[in-house]
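S.K.: Chains as they are written, first to last, in this note's numbering: chain A, 1 to 295; chain B, 1 to 295.
Among these hints, one or two may not hold up.
To be verified - Stretch by stretch, here's where chain A covers chain B in the computed footprint (C-beta under 8 Å, at least three residues):
id : region
1  : 18-31
2  : 45-58
3  : 159-170
Quick caveat, the hints were computed from the structure, so don't treat them as lab data. We put the beta carbon where it would ideally sit given N, CA and C, even for glycine.
Listed here are the chains, written in short residue letters.
2 protein chains.
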Amino acid sequence: MTLKQLLEPSKTRVNQFLQQQLSDYPHLSSNLAAAMQHGLLLGGKRVRPHLLFSIGELCQANAATLNWLAAAVESVHAYSLIHDDLPAMDDDELRRGQPTCHIAFDEATAILAGDALQTLAFEWVSQPLPEVSAQRQLKIVQQLALASGAQGMCGGQALDIEATRQQLSEQQLAQIHQHKTGALIQAAANMAVLAGNDEAQQYLPAFSRFAADLGLAFQVQDDILDEIGQTEALGKPQGSDSAAEKATYVRLLGLQGAQQRRQQLHESALHALSTIPYNTTSLAQLANVLLNRDH
Amino acid sequence: MTLKQLLEPSKTRVNQFLQQQLSDYPHLSSNLAAAMQHGLLLGGKRVRPHLLFSIGELCQANAATLNWLAAAVESVHAYSLIHDDLPAMDDDELRRGQPTCHIAFDEATAILAGDALQTLAFEWVSQPLPEVSAQRQLKIVQQLALASGAQGMCGGQALDIEATRQQLSEQQLAQIHQHKTGALIQAAANMAVLAGNDEAQQYLPAFSRFAADLGLAFQVQDDILDEIGQTEALGKPQGSDSAAEKATYVRLLGLQGAQQRRQQLHESALHALSTIPYNTTSLAQLANVLLNRDH
Numbered sequence: 001m002t003l004k005q006l007l008e009p010s011k012t013r014v015n016q017f018l019q020q021q022l023s024d025y026p027h028l029s030s031n032l033a034a035a036m037q038h039g040l041l042l043g044g045k046r047v048r049p050h051l052l053f054s055i056g057e058l059c060q061a062n063a064a065t066l067n068w069l070a071a072a073v074e075s076v077h078a079y080s081l082i083h084d085d086l087p088a089m090d091d092d093e094l095r096r097g098q099p100t101c102h103i104a105f106d107e108a109t110a111i112l113a114g115d116a117l118q119t120l121a122f123e124w125v126s127q128p129l130p131e132v133s134a135q136r137q138l139k140i141v142q143q144l145a146l147a148s149g150a151q152g153m154c155g156g157q158a159l160d161i162e163a164t165r166q167q168l169s170e171q172q173l174a175q176i177h178q179h180k181t182g183a184l185i186q187a188a189a190n191m192a193v194l195a196g197n198d199e200a201q202q203y204l205p206a207f208s209r210f211a212a213d214l215g216l217a218f219q220v221q222d223d224i225l226d227e228i229g230q231t232e233a234l235g236k237p238q239g240s241d242s243a244a245e246k247a248t249y250v251r252l253l254g255l256q257g258a259q260q261r262r263q264q265l266h267e268s269a270l271h272a273l274s275t276i277p278y279n280t281t282s283l284a285q286l287a288n289v290l291l292n293r294d295h
Numbered sequence: 001m002t003l004k005q006l007l008e009p010s011k012t013r014v015n016q017f018l019q020q021q022l023s024d025y026p027h028l029s030s031n032l033a034a035a036m037q038h039g040l041l042l043g044g045k046r047v048r049p050h051l052l053f054s055i056g057e058l059c060q061a062n063a064a065t066l067n068w069l070a071a072a073v074e075s076v077h078a079y080s081l082i083h084d085d086l087p088a089m090d091d092d093e094l095r096r097g098q099p100t101c102h103i104a105f106d107e108a109t110a111i112l113a114g115d116a117l118q119t120l121a122f123e124w125v126s127q128p129l130p131e132v133s134a135q136r137q138l139k140i141v142q143q144l145a146l147a148s149g150a151q152g153m154c155g156g157q158a159l160d161i162e163a164t165r166q167q168l169s170e171q172q173l174a175q176i177h178q179h180k181t182g183a184l185i186q187a188a189a190n191m192a193v194l195a196g197n198d199e200a201q202q203y204l205p206a207f208s209r210f211a212a213d214l215g216l217a218f219q220v221q222d223d224i225l226d227e228i229g230q231t232e233a234l235g236k237p238q239g240s241d242s243a244a245e246k247a248t249y250v251r252l253l254g255l256q257g258a259q260q261r262r263q264q265l266h267e268s269a270l271h272a273l274s275t276i277p278y279n280t281t282s283l284a285q286l287a288n289v290l291l292n293r294d295h
């Protein structure tokens, strides 16, 4: 099974839900609404919603509640991409083959759309949700906030900017990935467990560990695929040229070292699953397909 | 009593609290931390915290809880100013006589600092707070989110951008102000009541009405002071020159009409207070000083 096939049902589910919620939303400005929709529905694999749905179902969370939580996580993810693409940041004109938000609209609108998508995530997780106690829902909001801000995604992005052209240790590289992308993936897992039944709460650390290992292994695999892609396409040796500017696992550990690191993380992720007395085959399958993908 | 004197105790209280919380915060990036601190502690009258403290005390809310709520409201306000000042938005190099965030740091850092300050507000309101039930605290989070996003502050900002050089009706102008600045002022009042005792909850609509009227009257007074300042300083007739680009109450209603409108809003605010069986003198005093200020 390919990654695309595996993620397809979750992708359809979250995209339909997002489309519906954005069209029902009482927007003040149709221009801002269009830019938010552009950012949120431009595409994307929807790995985070798939992880959240899979864990939430194992923990017997309410399906409607999971839709809202997945929508909130994707809204934070979408806002971060819109702002990362801005001229002052990565200055990207294309994402997933489409014009980025500040190209399709303008820079001011893209800044505002990112801002409003972040807020929207907190509107969604703080509204009344089926079958979640208020105590647990507050923890869900807290998870999302901690994962997104200065001690999570934003902090990781700041570290990443500072690290450009610097020599990093593997630990520093891991720290960047764990915050810039890992924190939100881990939050998606934690939020799904928190929406689940009482019994499931004791397995929160194990699900969280699984998500953290999976998130980091995904980044290592990204670096490996970049390297293989470059070597195959351009016939260049490993770690040369443009890759020299940016620290990667392959650059730090070599191709074989990076593959070993990915393998260790994959094993650690599966070990975390082994401590959970549910049928976690769907999560093992996600890890397998995600970490053995070839593009 | 001047506005500065009236607000001084609340300003000292919230500034000390913000300073402490930012220095205790587990920042990942010291550069991002410095930019967030710059945005949050650059100055400001702290009208929102004063309103929140005053209403919260009348409703017998816990003082520590009120500090967190005021800090969150100011964090949203500070993020919005950092992003408004960006080159793609208002392109301002100075605010309160100091370099704006993207001047003191750089544009990428200013975007990230604004993003992280918004998240920080939601970290603060979703953490365990003394003497607030989880149900009520969720409503507090919801109030802050609704007031900040596409149906609140961000939506108002988008409308304001679209309105530049357009002919607006008074209703449209009010809509912009009510969302761009009014929504967060109203949310500060609502959050204070929600943190209060059970009995106070029935007066939420009245406190909310007071805050909405006060917020809009404040904008009308701003327009009046701009006009008087221009006329006095430059000897120009009303509504001329640069003022022609932007709709204001004076332009729409004339100076006398704007003064009448402010007076109506002031009366409506006091009427709202009259329906609350607490000693609301401090709020009446705030309205009086705020709406009769001469600079």
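S.K.: Next step is simple, just say for each hint if it's right about the structure.
M.R.: A quick look at each hint next to the structure:
Here the region 18-31 of chain B counts 6 residues with a CB under 8 Å from a CB of chain A, which clears the bar of 3, and the coverage holds. Counting residues of the region 45-58 of chain B whose CB lies closer than 8 Å to any CB of chain A gives 0, so the stated coverage by that chain is violated, three being the minimum. With a threshold of 8 Å between beta carbons, the proposed coverage of the region 159-170 of chain B by chain A holds, since 3 of its residues qualify and at least three are required.
Checked against the numbered hints above, the structure violates only hint 2.
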